[in-house]
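Participant: As you go down the protein sequences, you meet chains V and U in turn. The opening residue of the first sequence carries number 1 in the working numbering; numbering runs sequentially from there. The opening residue of the second sequence carries number 1001 in the working numbering; numbering runs sequentially from there.
These are computed hints drawn from the structure, not numbers from a lab. No residue lacks a Cβ here, since even glycine has one placed at the ideal position from N, Cα and C. Some clues are possibly wrong.
[As the list claims (entries may be wrong)] Taking lysine-lysine and the DSS-like style, the derived pairs with C-alpha atoms no more than 30 Å apart in a straight line are: (1) U/Lys1063 - U/Lys1198; (2) V/Lys6 - U/Lys1198; (3) U/Lys1457 - V/Lys229; (4) U/Lys1457 - V/Lys227.
[Claimed, not checked] Stretch by stretch, here's where chain U covers chain V in the computed footprint (C-beta under 8 Å, at least three residues): (5) 109-116; (6) 234-247.
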Amino acid sequence: MRFFYKPLFRMVPDGTTIRFMNGRFAGLIVSAVLSLASLGLFFYPGLRLGIDFKGGVVMEARTPQPPDFAKLRAALTAHALPDAGLQSVGGHNQLMIRLESRANAAATDQAVARVHAALDQVAPGNTVLSTSAVGASVSAELFRQGLLALGLSLLMILIYIWFRFEWQFAVGAVVTLILDVTKTIGFLVITRIQFDLVMVAAILTILGYSTNDKVVVYDRMRENLRKYKTMPLRQLIDQSINETLNRTLGTSMTVFLAALPLAIFGGSSISGFAIVMLFGIVVGTSSSIFIAAPILLLLGEHRLRRDTQAPKPENAKKVQARVR
Amino acid sequence: MLYFSRLKAAAILGACLLGALLCLPNFWPAPNAWMPWRQIHLGLDLRGGSYLLMQVDMAAVAKEKLGSTVDQVRQDFRRTNIGYTRLSADQAGNRVLVQLLDPGQRAAAISALSDLLTPSNGPATLPDFDASGDGTNLILTLSQPALAARASAAVTQSIEIVRRRIDSTGIVDPQIARQGQDRIMVQLPGISDPQRIKTLLGETAHMTFHLVDESVDANAGGPVPIGDAFLPLQENPAKKVAIQQSVMVDGANLTNAQAGQDPQNGGWVVNIEFDSLGARQFSDVTSANVGHPFAIVLDNEVISDPVIREAITGGRAQISGSANAQAATDLALLLRAGALPAPLTVIEEQSVGPELGADSIRAGAYSLAVGFVLVIFFMAAFYGLFGWFANIALIANLIMMMGILSLIGATLTLPGMAGILLTLGMAVDANILINERVREEVRNGRTPLAALEAGYKRAYGTIIDSNVTALLAHVMLFIFGSGPVRGFAVTITVGIITTLFTATVLARLLTSRWYIARRPAALPV
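Pulled out of the complex, with its shape left as it was, chain V reads as follows (with noise of 0.2 Å):
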């Protein structure tokens, strides 16, 4: 019955009281360092990209018979497919056949009907169950938009922050953001996981989810300038993520809960979103903490204080706020 009446427990205790503001160069220090490797992985070995972004032909096919890969190589080379990659996957009769991008998407389309025509004569009665090509036009296209996407949501969501909050608060966020994001691509290099369109889908939703972990916190640094009118920013800041704190790991926790069965059952094409959004769930909620309220420590330190020790009333201050 009390499973059902009263709660069983708290994620941390109720009243505390940690520093985390005593800690921010070491957050600030350790988040550079690891954004910084990963721009250095992204530059080398790079990202593994995704037949989206690169161009190429992926298909996948069942044999009746376990694939002679001997004879299937020799096959594709005969078809004019020598740098063909073949990889045994899933069940014992699957296989998966690569190709590097073409030249043009004729010579892709070309090579689709070369990859069937090899298979048919070593592995006749074979299934293709998934074929993807993508032109090398395509696929270049495809990732300007993507990025193109990436970059208008940052500042969409710095205009919103901007107008909701201070310019102070946006920046905070967005530079955290930007440093949320490269090392999620630092884990992407790192892992391996191929970086298509759906991972553009899941770093979007890991800059959404961040974001929306660190308004809250913001939200109550706010009400807090208000409500305390004469405390230090730096104790207040304290005081706005311990009070908070509750709610960020509940949140977080939920967000992890539900992703983390897609991650183990999902399947190929999408527990690599999955993993990266777990990722990213740790990322977004420690940085949140660690670098989004340091950032604002520091940018916020004498004129924040300074707007909300004026006597005015709120809305005046809101107006100006918005003015400024």
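Dock chain U against the given chain V, drawing on the hints supplied.
Facilitator: Relative to chain V, chain U alone:
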């Protein structure tokens, strides 16, 4: 916070009920044709099928236009006896070049070309060409707006022909749409191997009838005589046929084409019928050339070159040379649907077999169920009774979300399923925010009622702020995403909107009813 008028409470429950009703069609087939039975469509990655993105060859459109202009300039100058030389098309510059023999005939030449240099359709449109150059040089430049209009018309016409070709293959429920300037998107549910369709769509299917030049042997390796072309035979590309380039009858004059069997030898043929112009041309050519071979050319390949035995005057003819029933049917289909104005190239293909799709649905549904249960247990353990209110709101949220997705006829993709799952995780955030607030207020010494009141009121601004930012990110994703990613953005966007309703309004109604019934001395937080 406690006061809900009867009407308001009824409206809230009504909205939930409506969501459930909208959700229902997904579980049963439509009982009547007249009932509005909207379902969530399964994306091709879940039900199996093919997605093809094709590009119309715009260079070919321009080339075709320049080629026909060269012909027309030649005809116009002959008709008006204007001497000229070096008539040629300049592909790169989109222009036609010609030199007049007598510079004094320049004005006459320009007036002879009035068809090309004045707007052809209506007073508002621009002429196709601008004339420039000096002295004997005459340059006709294809204007950019004219080219753009032609390209746009080519895409529209191509879509129509692609639709006709696909429709006559009997594929159920295909989707064909223009994408951007020069692209056509085709979705073929249930077709996991689109090879045949790709071949069908890849043919321009421009058919022409030519006389064969019997004076040269195309396979001897000699030079091609002026006005001739050596084209390969379709069934044996190594063998070439010498044809006269001038078109005797154009495939555009066909009215019908049907596959059939030749009663004489049992081979497969295509029976064709001409319109009145085509029938007259066909009759003229065949009566003048009895005993000579006649070539039927499709996309620069000779499909058959039979010898004309007698004049064919009825406007009906047969094309032999098809290897089997499938080939004859496909050829008939291509001819019936008409010729594409320009070649189409497949630039992107995504095909998923039905087996793999079913696997994905299973994996997705399984993850969804497990994730759902985990979140529910977490909320119950974390917040007790208020957690259960959030859970009820969560279930209502899921139902309403499905209802709205059905209503707008959204397409559920694998990333879309991930989106639903994430929405489940995020949906309880609003309740967590409220519950934490209530808890704080209780600790600050407020009475249960005041704590609830303040909790809901103060959390509201935060909830709006945090959800609007997430919404912004996903609207961007919808605008710039494509394919499955768009499906993901749609589910999350709908999810955020339903969350705002269920997590705040519905959960509040539940809380207030409970409070009024119990009047507890302390809140179970």
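Participant: Confirm or reject each hint.
Facilitator: These are the hints, each one checked on the structure:
1. U/Lys1063 - U/Lys1198: holds, 24 Å
2. V/Lys6 - U/Lys1198: Not OK: V/Lys6 and U/Lys1198 at ~63 Å, beyond 30 Å, violated.
3. U/Lys1457 - V/Lys229: holds, 22 Å
4. U/Lys1457 - V/Lys227: holds, 17 Å
5. 109-116: holds (count 4)
6. 234-247: Three-residue rule met by the segment 234-247 of chain V, so holds; n is 4.
Going through the hint list in order, the structure does not satisfy hint 2, though it satisfies all others.
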